[in-house]
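Enquirer: As a plain string of letters, each chain reads:
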Amino acid sequence: MSPDALLSTTNLEAFYGDFQALFGIDFSVSAGETVAIIGANGAGKSTFLKSLVGLLSNSPESIHFDGQAIGAMPPSRGVDLGLALVPEGRRLFGSLTVEENLIIGGQHTRRQGHWTLETVYDLFPVLAERRKNPGQALSGGQQQMVAIGRALLSNPRVLLCDEISLGLAPIVIKDIYAAVPRIREEGTAMVVVEQDINQALAVADRLYCFQEGRVSLEGAPDALSREAIKAAYFGLGAAA
Amino acid sequence: MEQLFEVLTSPLRLLDILIDGVSSGAQYALFAAGLSLIFGIMRLVNLAHGDFIILAAYILFAISWALGALGLAPELNPVLALVLAAPILFALGYAVQRGVLNNTLGKDVLPPLLVTFALSVIIQNGLFLVFSPDTRSIDGGALSTAGIDIGYRQVPLLSIITVAVAVAVIGGLQTLFFRTPLGRDFRAVSDDPEIAQLMGINRRHVFALAMGVAMIVVAIAGVMFGLAGSFDPYLGPTRLLSAFEAVIIGGVGSLWGTLAGGTILGIAEQFGSRAFGEAFKQISGHVAFLLILLIRPRGLFPRAKD
Amino acid sequence: MMTSTPSIRQNTPTGTLALIVFVLAAVLAACLPLLGHTLALQWGKEFLMLLALASLWNLLAGYAGLVSVGQQAFVGFGAYVFLHLTLDPSKSIGQDWSQIDPLTGLGKNITLADAFPAWMFIGPVHPLLSVLAALAFGALLAIPVSWIVFRLRGPYFAIGTWVVAVVIQLVIGQLGWLGKGTGTAISLDYAFGFGDMNAVHSLFQNLNPDSKKIFAREAYRFWMMLVATVLILLAILAVIRSRIGLALAAIRDNEAAASSLGVNAARLKLMLFVAVGAATALVGAIGAFDESGLLPMKNFSLLEYTAFIIFIVVIGGIGSFEGPIIGTLIYFVADKILTGLVGEYFYIVLGVIGIIVMLFAPKGLWGLVQERTGFALFPVRRTVVFSK
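Residue numbers (our numbering), protein chains in the order written: chain F, 53 to 292; chain C, 55 to 360; chain A, 184 to 571.
Next comes chain F alone, as it looks inside the complex (with noise of 0.2 angstroms):
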């Protein structure tokens, strides 16, 4: 674990009810770093993102953001800590215009930065046009636009990116992670969970590979080989 880690777990825990989703992760990320998790639909990628803003409950002690517990945190409290999720499947709020779901991704904190909605729109232009169109109305690559660029609205020092380009056609999906480059500019910290190993070993600082709830392989991408990466994934063998 780095010394200067914003955002890391020690041992953390999951559980569905009795289901046990998550074994023990180990796992940080510091100011400015982009990771990257890999792992197979069911690894406990999103469990570990939702672990992470407190939409499951876990022991205080197994998650720390700047030196505070945060594993018991409720919800409400990620955003003014400087934590902000993009969920998984957008998850746009449907009585919303694009704008207010801009608007209300930064209502709620007295976080300042430099998200406003005219960077936003900045970074998203087409979201400019559409502003008073109803959330839900968008294609699917803008509706995660206007995901991403409500969390943004938050100026996060951590943001959480559950599977970005689900669903997306492939151009769509370059659109979307050409704005990750202006998004470390400002230094935002990214988690960025991904299906698409490429995309995710293109962007990241850092891979981790998770596989049935643990973590499987660890390491900066060009220190990791393609078999042992494989092997990481499907879980097959014993990682590099």
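Among the hints, erroneous ones may be present.
What the hints assert, rightly or not - One side only, chain C facing chain A, incomplete, derived with CB under 7 angstroms:
1. Val163
2. Pro165
3. Leu167
4. Leu168
5. Val169
6. Ile176
7. Phe298
8. Ile337
It should be emphasised that the hints constitute simulated quantities derived from the structure, not laboratory data.
Glycine residues also receive a C-beta, built at the ideal position from the N, C-alpha and C atoms.
Here the structure of chain F is known, so what remains is to put chains C and A in place on it, guided by the hints.
Expert: Using the frame of chain F, we list chains C and A on its own:
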């Protein structure tokens, strides 16, 4: 049968039905607005809703009476009483939601139903103990008795005011919902309670605020109801039924629909009472409700989502 | 490696014991009239009626997820069917004081025949048959009711049942002599003037020569209620232990998943709704009226036949067989004791207790016991037994 024939062939009788139907419909819409609001935001049906209206009527009656004893004009009393009572009722709604009802919300439909049912019983009997079963009404002086002459009959001033108030309340709620940050929070919480939390929205607080707002609407409904006629501690359940029917007829999720629903209900009642006799008033409303339920189960103007 | 197929065991030693106790209690209860105490009989009938209605409501709400606030309609309906069938149309059912008969100086005698066309009369019918007819008619009533209320979901279903109950009450209230405001006092002798009644009367007179005919009638009604309640409880137990019970539990947990396994949720719920409606009408037919006679408002009373029932089930434990039994016991005792203590605050106290229980023990008192111990007096769970 002759009555029915007479009604159907007489334009003045039909106009009566329209006028009086719209008037009582406005009252029903006021009853229903609070119910609709709460269900829309937190999927909670408050079985004690009607009893809260009666409770409000009694509180307003008491304050209004006290103001009258102080020498204020009877036309001003109800208005002033409403202004004074609104914060009280807001606080009551907030407290009840935060203290009791929030803890019943979850996947199971039973707890909120049973708890609000128990609340209903408590309120009715509490009112009975405090105020006795005697009927009361709020004295509005000229407000209650004045009428506008339209030639062949008088239209009660109160009816016109009730319609105006209903439109204003629903318009106000729409404005609250669609043009304020709080309304935005309400809509977000209604759409996706889980993700709404991630925006920093404290659900417990927002739900309590919503109940507080609903109670202000209830207070308005209570004062209009109390001015229009007499009430006793046990009239709550029938108010709830009227409110519920107005919501279903109009379509769940639409406040303007609720206004339409209340109007249809009022007109149906007036028609039944004039065509078949006073005894058929209530049942005509119920029959209209059941027919609409059978033909268009989602109501006349449902919101697409629910 | 298994050498023989495992068997499924549902009975437990405690369960068998409980069943024996249950039967003994029923037999003991049947002897209650021998005490010769009228009040005891009335209390007994009241207790049994609450128990039956509570168990039925629990089956609907706790097992099928159908929260009905309109069962009182079936209670009243059953009572009216019973009375309508057992009364002789030519018998007087009251006086119309708006028309004074010059000969007698009293109000003009009203008979059933005055209010209804002749073809409607089959009576007088023996009470036992009338009660069974109430069962049948209750089922018939439940069907159109279901068409309406099943269009509504969740809490709106509850209010819908309430609306329908009000409509039924209003309609019956409008029908001729049945309604007329607060109703008329009809002597129950008219309903029970049959041969076997006299035999019962003679039986009691052998025990106690002072025994009145009224007592014999009350005993007769008590026995009817006892038999009905026992049969209803046994039927409910059979249902929840059967595959229907299993299907209901599956629906409760996850209706979509249950459907994918072939469970027809809609049809099951409908069947239960009709069955419960019929049984509720039966109970109403036997017990819903007393000496004060036919009172539309009382027989359809929301408070007595639904509010108290709900309270009983909530306190005792919703969704378990034992819950309503415990709840009825508690409520019954509380009713008799508390009314003396708190008087007019009774309903408020009841309401507050109900809320507290619902917030802190949503499965009721029996639920608390079950959670701690996994104990069940009447076992429903199945265990797989692996034999060696």
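Enquirer: Determine for every hint whether it applies to the structure shown.
Expert: Here's how the hints hold up against the structure:
1. Below 7 angstroms, beta-carbon pairs count as interface contacts, and Val163/C has one with chain A at about 5 angstroms; its hint therefore holds.
2. Taking 7 angstroms as the C-beta contact cut-off toward chain A, the hint placing Pro165/C at the interface holds, the least distance being around 5 angstroms.
3. With 7 angstroms as the threshold, the beta carbon of Leu167/C comes within range of chain A, its nearest partner Cβ sitting at about 6 angstroms, so the hint holds.
4. Among the interface hints, the one on Leu168/C holds; its C-beta lies about 5 angstroms from the nearest C-beta in chain A, closer than the 7 angstroms criterion.
5. The interface hint given for Val169/C holds, since its Cβ lies 5 angstroms from the closest Cβ of chain A, which is under the 7 angstroms cut-off.
6. Interface restraint check: Ile176/C against chain A, minimum CB-CB distance 4 angstroms, threshold 7 angstroms, status holds.
7. Restraint check, Phe298/C versus chain A: the minimum CB separation of about 5 angstroms is within 7 angstroms; hint holds.
8. Residue-level restraint check for Ile337/C holds (minimum Cβ-Cβ distance to chain A is 5 angstroms; threshold 7 angstroms).
The structure shown violates none of the earlier numbered hints.
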